Amino acid sequence: MSTETILRTINLNKRFKKRWAVKNLNFEVKRGDIFGFLGPNGAGKSTAIRMIFSLIKPTSGDVEIFGHSVRKNHSQALQKVAGIVEKPDFYLNLTAYRNMQIAGGLTLGKIPSSKSIEHSLQIVGLADRSKDKVKIFSHGMKQRLGIAQALLCNPELIILDEPTNGLDPQGMKDIRELIIKLSKENGVTVILSSHLLHEVQQVATRMAIISHGEIRVQGLVKDLLSENKDIHVISVTPKIKAMKILKFSSLVNKVSLQKTEIEISTSHKNIPKLLTLLSENKCNVFSVYQKQTLEDYFLSVTSEEKLL
Amino acid sequence: MLLLIYFELLKTFSKWRTYIGFITVSVVIPVVMYALYYEGGGFINAQTRSIQKEFFMVGNLFNGWVIAQLIMNSLWVHIPFLITLVAGDQLAGEAAAGTFRLSLIRPISRSKFLFAKYFTTLIYTALLVIVIALLSLGLGLYFFGSGDLIAFAENSITILHEDLLLNRFILAYALAILSMSVVASLAFLFSSFVENAIGPIIATMAVLVCLLVISNLPVDLFENYKPYLFTTYQNAWSLAFKDILDWNEISRAVTIMISYLVGFYSLTLLIFIKKDILT
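One line per chain: the protein sequences are A and B, in this order.
Under the numbering used here, think of the first position of the first sequence as 77, with each following residue one higher.
Under the numbering used here, think of the first position of the second sequence as 999, with each following residue one higher.
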């Protein structure tokens, strides 16, 4: 994986009246990354993306893209960038083809070739609808058109804000595969903001979790998930008795009682010994699993924030 | 820049509201023509009744030029309203539709984007006035024929020979385009504040009506302000129908109107460059 940083936010802040939407945001995206940008609703993801695209002026701080400051040199910084910000909106009275011409023309400074427009539309399966006005398009079709306009002009960085919103399962799968293909075959760097955690887990190589306008964690997805690998969840009865046993066991580092299960921190190799221990003490174990999904990790990070 | 203007023209002329103005004048002007044709010379007789005892009038006084000049009086309020429908929608419409997120994430400067929009607004304004000119002069001269023009001013009546009239009308319509452009610029400015087009349309018309009242009230209190109000020059076109053209007065009117154009546009630019796109 490349170590070249192509996007960097530097102490990025945004305040709307008295409320800080983004606080001291610092993250980096390396060339070739599929960067998952996660956070609960209202966490500041969209505000951050809008600042990257210069739709919103930061209260302080800056964004550097390909070494150019978005604040000082917006045109240079965005030259090789494309994307979708929230839901894709278009000029509804114009055809899909005309909308593509406008999107491409604003980037290139000239009308893009018919071939490139048709190619982009073909990738998202809209080639046969290019002459239709966008006002008759469904939400899913607009979403695909949004991706098509992002692919036009061969950008090196694509920022996709909830790109699979409104798509059917097949469409979602197609987009995921497309993102991986763009990254692997074309070397395109992708920033993927999504609330669908399994989606990010399937495609992202690096990620950041934002909550209350601040980055809580960031790093390689595999590293972040492995930090969580010692967490195991046990479904056992009676719970209180099992809790006491596990708490006094030298094999367990940490025990916490969840709604229906017990969460323990221990090495995976200790699990058979612990199961024997529980069984000898007449506890009934129904299941044990390793907690390592992105969703679990996301919830643990964002719930820590709530407790704080 | 030409490409940006081309895109703005595409966007503007793809909207139904753009054609409301053209359709309205295309319907209203023939209806007015028909009504006047039906009325016959009654209208001109009524207008000249007070001087008929002193003057002996011959020739076709109820002609196409007179009709065209009469229609120009719609430039006070009616045509400005049609212009604000489009000008007030230029920025607010994009904000409401969320399409700033399509265009402003591109590597183009906001100032260029704004200028293309503004220039398109001025093209629309000019086109509407030109369509009015072509319809009223074309139909007027076709149905009512040519002749001298009786121009009614505040306290005088000027009779202009028909040989002079084409040039005078060209000057009048040029001044009308300029005064309508000021109205369009005001609506464009208001359009930069909000996320729906209704606000700018209502605000522009409210300002226009208020200032028109002040401009036309014969009250000493306002006399010092009147020369600086753009509404005072709303009928700058009538300067083209004076017996002898007063170029000083025309230049002053043009200077004031251009100052307003530059002022309104500069203010819009200042607002738009700093504006957070939240829709």
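Don't read these hints as lab results, they were simulated from the structure.
Wrong hints could be hidden among the right ones.
Claimed, not checked - DSBU-like, lysine-lysine: derived pairs with alpha carbons at most 35 angstroms apart:
hint	chain 1	residue 1	chain 2	residue 2
1	B	K1224	A	K93
2	A	K94	B	K1110
3	A	K335	A	K249
4	A	K367	A	K323
5	B	K1272	A	K211
6	A	K133	A	K99
7	A	K106	B	K1013
8	B	K1224	B	K1273
9	A	K186	B	K1272
10	B	K1272	A	K156
11	B	K1110	A	K209
12	A	K163	B	K1272
13	A	K349	A	K367
14	B	K1110	A	K156
15	A	K156	B	K1273
16	A	K315	A	K358
17	B	K1273	A	K106
18	B	K1110	A	K186
19	A	K148	B	K1110
20	B	K1110	A	K207
21	A	K260	A	K249
22	A	K133	A	K94
23	A	K106	B	K1224
24	A	K186	B	K1013
25	B	K1272	A	K133
26	B	K1224	A	K209
27	A	K186	A	K148
28	B	K1110	B	K1272
29	A	K209	B	K1273
30	A	K93	A	K249
31	B	K1272	A	K94
32	B	K1110	A	K211
33	A	K330	A	K320
34	A	K99	A	K367
35	B	K1110	A	K93
36	A	K133	B	K1224
37	B	K1272	A	K148
38	A	K323	A	K106
39	A	K99	B	K1013
All values derive from a computational prediction rather than experimental measurement.
Here is how each hint holds up against the structure:
1. Using a Cα cut-off of 35 angstroms, the hinted pair K1224(B) and K93(A) is violated, with the two alpha carbons roughly 40 angstroms apart.
2. Proposed proximity of K94(A) and K1110(B) is supported: the alpha carbons are some 32 angstroms apart, at most 35 angstroms.
3. Of the supplied pair hints, the one linking K335(A) and K249(A) holds, its CA atoms being roughly 33 angstroms apart against a limit of 35 angstroms.
4. About 19 angstroms separates the Cα atoms of K367(A) and K323(A), which keeps this hinted pair within 35 angstroms; it holds.
5. Of the supplied pair hints, the one linking K1272(B) and K211(A) holds, its CA atoms being roughly 31 angstroms apart against a limit of 35 angstroms.
6. For a cut-off of 35 angstroms, the pair hint linking K133(A) to K99(A) stands: about 14 angstroms separates their Cα positions.
7. Of the pairs offered as hints, the one joining K106(A) and K1013(B) is violated, with about 43 angstroms between alpha carbons and a cut-off of 35 angstroms exceeded.
8. With a C-alpha separation of about 33 angstroms, the suggested pair K1224(B) and K1273(B) falls inside the 35 angstroms cut-off, and the hint holds.
9. Of the supplied pair hints, the one linking K186(A) and K1272(B) holds, its CA atoms being roughly 27 angstroms apart against a limit of 35 angstroms.
10. Between K1272(B) and K156(A), the direct Cα distance comes to roughly 24 angstroms. Compliance with the 35 angstroms bound is thereby established for this hinted pair.
11. As the CA atoms of K1110(B) and K209(A) are separated by approximately 27 angstroms, the hinted pair is consistent with the 35 angstroms bound.
12. Proximity of K163(A) to K1272(B) is assessed by CA-CA distance (about 23 angstroms); at most 35 angstroms being required, the pair is judged to hold.
13. This hinted pair checks out: K349(A) and K367(A) have alpha carbons roughly 19 angstroms apart, not beyond 35 angstroms.
14. Simply put, K1110(B) and K156(A) have alpha-carbon atoms about 19 angstroms apart, close enough for the 35 angstroms limit, and the pair holds.
15. At roughly 24 angstroms between alpha-carbon atoms, K156(A) and K1273(B) fall within 35 angstroms of each other, so this suggested pair holds.
16. At most 35 angstroms may separate the alpha-carbon atoms for a hinted pair to count; K315(A) and K358(A) meet this at roughly 11 angstroms.
17. Taken as a hint, the K1273(B) and K106(A) pair is honoured in the structure, with Cα atoms around 30 angstroms apart against an allowance of 35 angstroms.
18. Using a Cα cut-off of 35 angstroms, the hinted pair K1110(B) and K186(A) holds, with the two alpha carbons roughly 15 angstroms apart.
19. Distance hint between K148(A) and K1110(B) is fulfilled; the C-alpha atoms sit about 16 angstroms from each other, no more than 35 angstroms.
20. Our distance criterion of 35 angstroms between C-alpha atoms is met by K1110(B) and K207(A), whose separation comes to about 29 angstroms.
21. At roughly 16 angstroms between alpha-carbon atoms, K260(A) and K249(A) fall within 35 angstroms of each other, so this suggested pair holds.
22. Simply put, K133(A) and K94(A) have alpha-carbon atoms about 16 angstroms apart, close enough for the 35 angstroms limit, and the pair holds.
23. Restraint check: the Cα-Cα separation between K106(A) and K1224(B) comes to about 62 angstroms, which exceeds 35 angstroms; the hinted pair is violated.
24. The straight-line distance between the Cα atoms of K186(A) and K1013(B) is roughly 24 angstroms, inside the 35 angstroms bound, and the hint therefore holds.
25. Of the pairs offered as hints, the one joining K1272(B) and K133(A) holds, with about 7 angstroms between alpha carbons and a cut-off of 35 angstroms not exceeded.
26. Taking the CA atoms of K1224(B) and K209(A), the gap is about 49 angstroms. The hint is violated against a cut of 35 angstroms.
27. Restraint check: the Cα-Cα separation between K186(A) and K148(A) comes to about 24 angstroms, which is no more than 35 angstroms; the hinted pair holds.
28. Between K1110(B) and K1272(B), the direct Cα distance comes to roughly 14 angstroms. Compliance with the 35 angstroms bound is thereby established for this hinted pair.
29. For the hint linking K209(A) to K1273(B), the alpha-carbon distance of about 30 angstroms falls within 35 angstroms, and the restraint holds.
30. Between K93(A) and K249(A) the alpha-carbon distance is near 40 angstroms, which puts this suggested pair outside the 35 angstroms criterion.
31. Of the supplied pair hints, the one linking K1272(B) and K94(A) holds, its CA atoms being roughly 19 angstroms apart against a limit of 35 angstroms.
32. For the suggested pair K1110(B) and K211(A), the alpha carbons sit about 27 angstroms apart, so the restraint of at most 35 angstroms is met.
33. Restraint check for K330(A) and K320(A): the C-alpha separation of about 12 angstroms stays at or below 35 angstroms, so the hint holds.
34. The hinted pair formed by K99(A) and K367(A) meets the criterion: a straight-line CA distance of about 30 angstroms does not exceed 35 angstroms.
35. Restraint check for K1110(B) and K93(A): the C-alpha separation of about 29 angstroms stays at or below 35 angstroms, so the hint holds.
36. A distance of roughly 40 angstroms separates the Cα atoms of K133(A) and K1224(B); the hinted pair therefore is violated under the 35 angstroms criterion.
37. This hinted pair checks out: K1272(B) and K148(A) have alpha carbons roughly 14 angstroms apart, not beyond 35 angstroms.
38. For the suggested pair K323(A) and K106(A), the alpha carbons sit about 43 angstroms apart, so the restraint of at most 35 angstroms is broken.
39. In summary, the hint linking K99(A) to K1013(B) is not supported, as the alpha carbons are separated by about 41 angstroms, beyond the 35 angstroms threshold.
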